[in-house]
Structures are given as C-alpha cells and as structure tokens.
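Trainee: Below are the chains, spelled out letter by letter.
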Amino acid sequence: MLRSKTQVKSVTDTSSSILGEGVARATPAPIATRIRGISDRAMAWLFIAPTIVLLLAVNIFPLIWAVYLSFTNFRANRPNAPIEGVGLSNYSRVLNDPNIWQAMQTTAHFVFWTILLQTLIGFSLAYLIDRKFRGHALWTTIILVPMMLSPAVVGNFWRFLYQPQIGLFNYIVSFVTGIPPSSFEMLGSVPLSPWAIIIVDTWMWTPYVMLICLAGLRSIPDYIYEAAEVDRASLWRQFWSITLPMALPFIMLAVLFRGIENFKMFDMVTLLTGGGPGSTTEVASITLKREAFESWRTGRASAFAIILFVAVFGLANIYVKALNKVKQR
Amino acid sequence: MSSVNSAHSVVAPGATSKRIAATIVIAYALITMVPLVWIVMTSFKSPPDSISYPPKVVFQPTLEGYCNLFTTRTRQTSDYIASLGAPTSTCDEITRSRNMVIAGPSNYWPRFQNSLVIAFGSTFLAVSLGTFAAYGFSRFKVPLAEDLLFFILSTRMMPPIAVAIPIYLMYRELGLSDTALGMILLYTAVNVSLAVWLLKGFIDEIPREYEEAAMIDGYTRMQAFFKVVLPQATTGIAATAIFCLIFAWNEYAFAVLLTSGAAQTAPPFIPTIIGEGGQDWPAVAAGTTIFVVPILVFTVLLRKQLLRGITFGAVRK
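Protein sequence lines, in the order shown, are assigned to chains A and B. Under UniProt numbering, read the first sequence as residues 1 to 329, first letter to last. Under UniProt numbering, read the second sequence as residues 1 to 317, first letter to last.
One or more of the hints may lead you astray.
Pairs of lysine-lysine, DSSO-like flavour, derived with a Cα cap of 27 Å [unchecked claim]:
#1 B:K304 - A:K132
#2 B:K18 - A:K132
#3 B:K304 - B:K227
#4 B:K304 - B:K18
#5 B:K18 - B:K141
Simulated from the structure, these hints should not be mistaken for laboratory data.
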C-alpha cells in the first residue's frame with residue numbers, strides 16, 4: 001500500500017515535469033491501446049456492462065413485462081388461467097376509478113404539506129446553523145439522526161406515541177394545550193389522521209431538506225455579503241436579495257427529491273394507519289398495493305403503476321426544466 | 001431574523017444572533033430526539049409500566065422487553081412453575097414471575113441476521129459494480145453516456161410497489177421468492193443507480209494524469225485502476241457504501257412483499273411482534289433499539305462522509 005503510493009507520487013512527478021499537462025491530457029487513447037492489446041471501447045464496456053446487465057435483468061425486463069401485463073387481464077393468483085389481451089381497458093378503468101382519484105388527492109395533500117413544512121423548517125434551521133455558533137456541528141449531527149432510521153421501524157413506533165390516553169404525543173399535546181389526552185385520536189379520526197402522517201414525515205425528513213439548504217447557503221461566497229455591507233444593505237434586504245435567491249436552486253432541489261420520495265410513500269403510512277381510517281390516508285402506493293397484492297388484479301395494477309411512473313417522470317422533468325431556468329438566472 | 005443591534009456583519013454573525021440561533025437549533029434538536037429517547041426508555045420498561053397513564057419517565061428498568069423479544073413463551077400454572085428447578089437465566093426468572101416459561105427462541109435473531117446478510121451483500125455488490133461503471137463513464141467515451149446515466153438514475157423514480165409486481169412474478173418463476181439472493185440482487189439493482197451517480201462525481205475529481213502517468217510507467221489500465229484510482233477514491237466509495245447500506249438496512253416495501261419467512265428481514269418482522277392481548281410494546285421497542293443502534297453509531301462515526309455524500313449528490317444533480 002505504502003509502496004504503491006510513493007510509486008504513484010514519483011510517477012506523477014515525472015509525468016508532469018517531462019510531458020507537461022497538456023500533452024498528458026492528449027495522450028490517453030493511444031497509450032491505453034498500445035499498452036494492452038484491448039481497445040478503449042472494449043475496455044469501457046468491460047467496466048460498464050455488469051451494471052447494465054444487472055439493471056436490464058432486474059429493472060428493465062420487469063418493467064417491460066409490466067407494460068405487457070397492463071394490456072392483459074392477467075391475475076397473479078391464477079397463473080394458469082389463459083391470458084387475454086384487453087387493449088386499453090385497464091388504463092381507462094384506472095383513470096375512471098373514483099377511488100384512484102381519491103388516492104391521488106390524498107397523495108397530493110400529503111406531498112404538498114410535507115414539502116411546505118419541511119422546506120420552511122429545514123431552511124430556517126439551515127439559516128440558523130449557518131450562523132456558526134459554537135457546537136453547531138454536533139447539533140447538526142443530532143438533528144440528522146431521524147432521517148437515517150428506517151421509516152417502517154420507527155413509523156411503527158409512532159403508532160405507540162399516538163395512542164390516545166397512554167401515548168406520549170397525546171400526553172404532551174394535552175400538557176401544553178389542556179385538552180384531555182383521551183379526547184382525540186391522531187390515527188383513528190378522519191380529520192386528524194392525515195396530519196399524523198404529515199407530522200412523522202416532517203419529523204423524519206426535515207433534516208434532509210436542512211442539509212441541502214445548508215449546502216446552498218455555504219455555496220454563497222462571503223464577498224457578496226461584504227459588498228452588500230459596503231453598500232449598507234440592511235440584513236433584511238441582504239436576506240431577500242442575496243441569501244434567498246442564491247440558495248433557491250438548492251431549495252428547489254430539496255423539494256424535487258422530497259416530492260418524488262413522498263409521491264412514492266408507502267412504508268411509513270402502511271405502518272402508521274394502513275391507509276385508514278376508512279381510506280382517509282390511502283396514498284397512491286397503498287391503493288396500488290391493494291390492487292396488486294390483495295385484489296390480485298395484476299393487469300390493472302400494472303396499468304396504474306405505469307400511469308404513476310409516467311406522472312412522476314413527467315412532473316419531475318417539467319420541474320427540472322424550471323430549476324435549470326432558475327439556475328441560469 | 002436577528003436583532004438590529006447585532007447587525008454589523010452577516011459574514012461574522014454577532015454574539016446575540018449566534019446565541020438566538022443556538023437556542024432555537026438546540027431546542028429543535030432536543031425535541032427531535034424525544035421519540036428516539038422514548039423508544040430506548042420503553043425498551044427497558046415492564047409491559048404495565050409502558051402503558052401506564054400518565055406516561056412514566058421514572059421507572060424500574062427491566063430486561064423483560066429484551067427477553068420477550070428473543071423468546072417465545074407459554075403460560076403455565078404456578079404449580080408447574082414451582083415444580084421446575086432454579087431458573088437458569090435472568091430471562092428465565094423474569095418469564096416465570098409472569099407465570100410463563102420460555103418455549104424457545106423467537107424469530108427476531110434470524111430476521112436480524114437476514115438483514116445483515118442482505119444489507120452488507122447488496123452494498124458490497126452495488127459499490128463494486130458502481131465503481132467499475134462510474135470509472136467507465138468517467139474515463140471513456142461511452143456512446144449515449146448522458147442518456148445511459150439518466151436512464152440509470154430514473155429507475156429510482158419508480159414507486160417500489162410498481163417494481164414489485166413484475167419482480168414478484170419473475171422471482172416466482174425463477175425460484176428467487178423469499179431468498180436472500182433474490183433480495184440482494186434487487187437491492188443491488190436499486191442501489192447501483194445511486195452508486196454510479198455518486199461515484200462518477202468522485203472519480204471525475206481524480207486527475208486523469210495520475211493513471212496516465214502510471215500507464216506510461218508500464219501499468220496496464222486494470223493495474224492503474226486498482227493501484228491508482230481506487231486508493232484515491234476511498235472517501236467517495238465509503239460515502240457511497242454508507243448510503244447503500246442505510247437504504248438496504250431500512251428498506252420495507254420490497255421486503256414485506258417479496259419475503260415472508262426464510263429471507264424476511266427485520267423491518268417487516270418488528271411490527272408483527274405481539275404479546276398476549278395486543279402489541280408487546282417493550283419488546284417492539286427493544287427490537288427497534290437493537291435495529292436502530294448500528295445506524296446511529298454509523299451516523300455519528302461517519303458523519304463527515306455522510307454529509308459530503310448527501311450534499312454532493314444534490315449539487316451534482
């Protein structure tokens with residue numbers, strides 16, 4: 001190890017002194033070909049192929065299969081029944097199913113509020129941490145902890161915190177507000193249960209938004225603030241015309257990542273409410289799971305899955321275009 | 001945000017604004033820790049203590065939750081228990097005090113082992129494949145490289161349930177359902193996209209001149225890759241590995257749909273831990289604590305790499 005390192009160092013020295021940087025940059029292809037009898041193109045595929053093969057086998061092939069199934073009446077619990085093509089009827093059924101539109105609305109509500117709360121809290125925290133008070137690194141690490149944990153395992157425990165009467169959450173709320181702790185059920189009541197999942201998601205993922213915002217704030221060079229100081233711009237003015245616009249691309253990125261993730265949300269909601277009470281918190285992924293693995297309408301579920309994928313993909317692309325515009329400004 | 005009299009410079013925030021910032025951040029950090037502290041506390045409570053009202057902050061700690069987590073128990077008459085010899089372990093003693101005897105080990109430990117095997121196996125594979133592919137994309141002119149990279153990344157936009165439907169059918173055909181190998185392959189495929197994306201960024205930063213110089217010295221491309229590029233990319237590889245590991249360790253949706261017994265991991269198992277008359281919360285808390293502690297340790301020890309990885313991935317995209 002040590003030997004190879006010193007070797008590398010000496011090698012680098014000679015190269016930069018003898019060849020100079022420009023020459024070295026211009027030479028890679030011929031050298032590689034000369035030294036080994038294998039062409040660069042073959043070499044490139046040797047490096048990339050295993051990954052592509054794996055992705056083709058475990059991602060693309062199943063995806064194509066799902067597209068095929070979405071045009072059939074296949075049911076996974078009856079593998080031996082004859083498969084019949086049904087054209088686009090799966091798609092039209094999915095798009096005309098009021099339950100699925102209900103699930104999409106539930107998902108939209110969940111995505112909107114989690115992103116709003118996480119961005120507000122996350123950015124504020126990042127802004128405060130960027131004041132670089134003593135010990136800020138330690139406290140940042142502590143704040144990060146929830147996002148590293150399993151949403152399923154920890155979400156499951158929140159069910160305990162949300163118990164009426166004995167749950168810690170209800171106890172703290174009643175302690176602060178004076179409402180009796182057994183008078184409200186976070187998971188069991190129709191108006192409160194969407195907020196129960198929003199609270200857990202915000203608790204878990206605010207640190208992520210905070211980190212990306214922090215990276216954004218730290219990317220703003222000091223001299224811009226110094227120039228603003230010289231111009232006697234107020235702090236308020238500096239925040240709105242320097243800090244926020246320069247951090248905006250990062251904030252938008254955080255929103256994109258959280259948006260995609262929460263659009264797919266499954267694990268935490270499954271364990272907290274299972275979509276209940278009734279279907280109050282039934283987000284798209286839970287509906288999809290019920291169609292595919294409880295009703296076993298595989299064809300229809302595949303159609304729904306593809307519609308979801310196209311929706312995420314399309315929205316993400318539009319959003320990335322907007323993001324690039326903001327970046328160019 | 002900060003008070004007017006401290007507003008001389010944002011470049012070096014004033015003492016008052018620092019103090020206010022520190023107070024709010026520390027308050028948030030403490031509040032955010034409450035649920036986690038409560039998990040650990042509950043794991044050391046006896047079942048009656050765990051469901052008492054008001055919630056108990058001071059209590060007599062016991063290992064009952066951990067005993068219940070690792071064992072299955074059957075109820076016996078007190079005469080039968082009295083007829084047994086002296087208890088052989090602490091758990092034995094606690095169980096007998098509840099008029100029960102230990103019937104055997106629970107499924108927690110096998111599930112935990114599955115989690116270890118699948119998480120580390122898939123991380124190793126994803127990072128190895130990802131390093132090779134990232135090097136390929138970084139150093140060679142790959143036709144359609146941008147499209148391929150985007151395609152690799154876009155596979156992560158699929159909702160897991162959507163992926164799970166065809167995977168479920170495919171694994172059923174191939175006999176990979178409920179096997180560790182099947183789960184390792186699946187997690188590797190999910191993780192490799194992120195791994196390639198992150199690692200390409202890290203490898204792009206290593207000057208090409210290093211390998212070129214080594215190859216002039218007589219190294220082959222492969223030797224140059226292993227002896228020059230890999231040592232330089234260690235930080236990036238470590239950061240990527242942590243991400244893959246955390247994903248595979250925490251994953252629930254695929255695990256609950258594609259595994260049911262032999263290869264089931266801990267996340268789908270922990271919520272199913274029940275005692276007599278409902279969920280055995282101290283045992284659930286104990287299972288959660290044991291499951292979460294490795295990640296906690298990771299987070300604290302490797303926070304620098306983690307931070308770099310998260311923000312780096314964001315900046316690149």
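Trainee: Does each hint fit the structure? Answer for all of them.
Mentor: Hints, one by one, checked against the model:
no.	hint	verdict
1	B:K304 - A:K132	17 Å, holds
2	B:K18 - A:K132	7 Å, holds
3	B:K304 - B:K227	25 Å, holds
4	B:K304 - B:K18	23 Å, holds
5	B:K18 - B:K141	50 Å, violated
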